[in-house]
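Colleague: Let's have the full structure, built from the sequences with the hints guiding it.
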Amino acid sequence: MSRPLQTISTLDRVIHEPARLMLVALLSSVESADFLFLLKESKLTKGNLSVQLSRLEEAGYVEIEKTFRGKIPHTEYRLTKKGKSAFSQYRKSLGSILE
Amino acid sequence: MNTQIDNAIKRVRGYWFIDGFTEMAIGGFFILLAALLLLSGSASPATFSSWFLSVAGEISIAKFIGIVTGILLLWWLKDHFTYPRTGFVRGKRITAVQILVIIRNILLFLLVPILGLLAASLFALSASSVLASIPVWFPIGISFIWAVFFALGGRWMDLRRFPVLGGLILLTGIAIGTWQLAIGLPTFPANIQPSISQPFVIEIVNRTLASLGFLVLISGIILTISGFIIFLRYRKENPSPYAEGV
Numbered sequence: 003m004s005r006p007l008q009t010i011s012t013l014d015r016v017i018h019e020p021a022r023l024m025l026v027a028l029l030s031s032v033e034s035a036d037f038l039f040l041l042k043e044s045k046l047t048k049g050n051l052s053v054q055l056s057r058l059e060e061a062g063y064v065e066i067e068k069t070f071r072g073k074i075p076h077t078e079y080r081l082t083k084k085g086k087s088a089f090s091q092y093r094k095s096l097g098s099i100l101e
Numbered sequence: 296m297n298t299q300i301d302n303a304i305k306r307v308r309g310y311w312f313i314d315g316f317t318e319m320a321i322g323g324f325f326i327l328l329a330a331l332l333l334l335s336g337s338a339s340p341a342t343f344s345s346w347f348l349s350v351a352g353e354i355s356i357a358k359f360i361g362i363v364t365g366i367l368l369l370w371w372l373k374d375h376f377t378y379p380r381t382g383f384v385r386g387k388r389i390t391a392v393q394i395l396v397i398i399r400n401i402l403l404f405l406l407v408p409i410l411g412l413l414a415a416s417l418f419a420l421s422a423s424s425v426l427a428s429i430p431v432w433f434p435i436g437i438s439f440i441w442a443v444f445f446a447l448g449g450r451w452m453d454l455r456r457f458p459v460l461g462g463l464i465l466l467t468g469i470a471i472g473t474w475q476l477a478i479g480l481p482t483f484p485a486n487i488q489p490s491i492s493q494p495f496v497i498e499i500v501n502r503t504l505a506s507l508g509f510l511v512l513i514s515g516i517i518l519t520i521s522g523f524i525i526f527l528r529y530r531k532e533n534p535s536p537y538a539e540g541v
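As they're listed, the protein sequences go chains A and B. Going by the numbering used here, the first residue of the first sequence is number 3, and it counts up by one from there. Going by the numbering used here, the first residue of the second sequence is number 296, and it counts up by one from there.
Keep in mind that the hints are not guaranteed to be accurate.
Claimed, not checked - Estimated spans, in silico, between C-beta atoms of each pair: (1) B:G411 <-> A:S87: 40 to 46 Å; (2) B:I520 <-> A:T69: 35 to 41 Å; (3) B:G411 <-> A:K84: 48 to 54 Å.
What the hints assert, rightly or not - Selected chain B positions facing chain A (Cβ under 10 Å, derived; list incomplete): (4) I300; (5) D301; (6) I304; (7) P379; (8) N533.
If you are wondering where the hints come from, they were derived from the structure by calculation, not from laboratory data. Glycine is no exception: its CB is placed at the ideal position from the N, C-alpha and C atoms.
Modeller: Dropping the structure here:
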């Protein structure tokens, strides 16, 4: 097997799933975003979005911050250092495969 | 796939402009500045220094009040209108290194028109004709710089309307420069005295401020109209705040 093809097996499976890849890509360009923003941008269902965010949180790629905006509870999601590094590595690997 | 990821990232960068409020705020600020520039009257040799100090003071106050009011208004509008509809995003913090790189790039970019003028005065034109033609090239130069910023910003944030806005502003600058050329350039006397309050210098100052005033005014109107159209589209696409279970 050629080296680029071998790289496919090393791709991060947590990020490689399309819905999670989209969420990580969205979060990579901001400091943090709330659930509604991710819902609107990703066009996922609420249930699916919750599941995918939980999966990313379990992997240590996303951290959740619960705050209040006025009296309304507000949840923000942000990529952790580990998440940023994993996404950057994923893009490099993907780039080398597709070249 | 990397291209699709890049496009998604660019689109999120432009989230600040999704509702049109930012363009309307910048446009309103420009109209306020233009009103000050155009309504501040004309300088005369006798009153130049007091007139200049008065205009500079008014513009500084307007800038400060306009920027602070604009930021507070934007903050309130987004908090009450945009975030309940399409969500909240906290932009990335800009690091000190990034700020230094931006300043360096702006300075390098500003060198281009300065070097162009120097080349023109050295090889093609006399210093007096370069000075006399300030009302012509100044609005064109400023609009060109803005057009480049709009084009680069549009590319960075995947906002296709930005290069169009930049193009319209550049056309406005060219039109104002052409108008100034058409009404004739200020003429220099045979013996030029080293004084800023000489009539021909005052004429250059007045006409340059008028050029700048019209450029800022028309640019402000263009940005306000663009922001309003974007706002109408955003409101149509997101008529009511997001509600659970809807």
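Colleague: Could you run down the list of hints and mark each one as holding or not?
Modeller: Hint check:
1. Distance hint for G411 (chain B) and S87 (chain A): a CB-CB separation of about 45 Å, consistent with the stated range 40 to 46 Å.
2. At roughly 37 Å, the beta carbons of I520 (chain B) and T69 (chain A) sit within the given window of 35 to 41 Å.
3. The beta-carbon spacing between G411 (chain B) and K84 (chain A), approximately 49 Å, falls within the hinted interval of 48 to 54 Å.
4. Annotation: interface hint on I300 (chain B) holds; nearest CB of chain A at approximately 5 Å, less than 10 Å.
5. The closest approach between the C-beta of D301 (chain B) and any C-beta of chain A is roughly 9 Å, which is under the 10 Å cut-off, so the hint is satisfied.
6. The interface hint given for I304 (chain B) is met, as the beta carbon of that residue sits about 4 Å from the closest beta carbon of chain A, less than 10 Å.
7. For P379 (chain B), the interface hint holds, since its Cβ comes within 10 Å of a Cβ in chain A; the closest pair sits about 8 Å apart.
8. Because the smallest distance between the Cβ of N533 (chain B) and any Cβ of chain A comes to about 8 Å, under 10 Å, the interface hint for this residue holds.
Of the hints listed earlier, there is not a single one the structure fails to meet.
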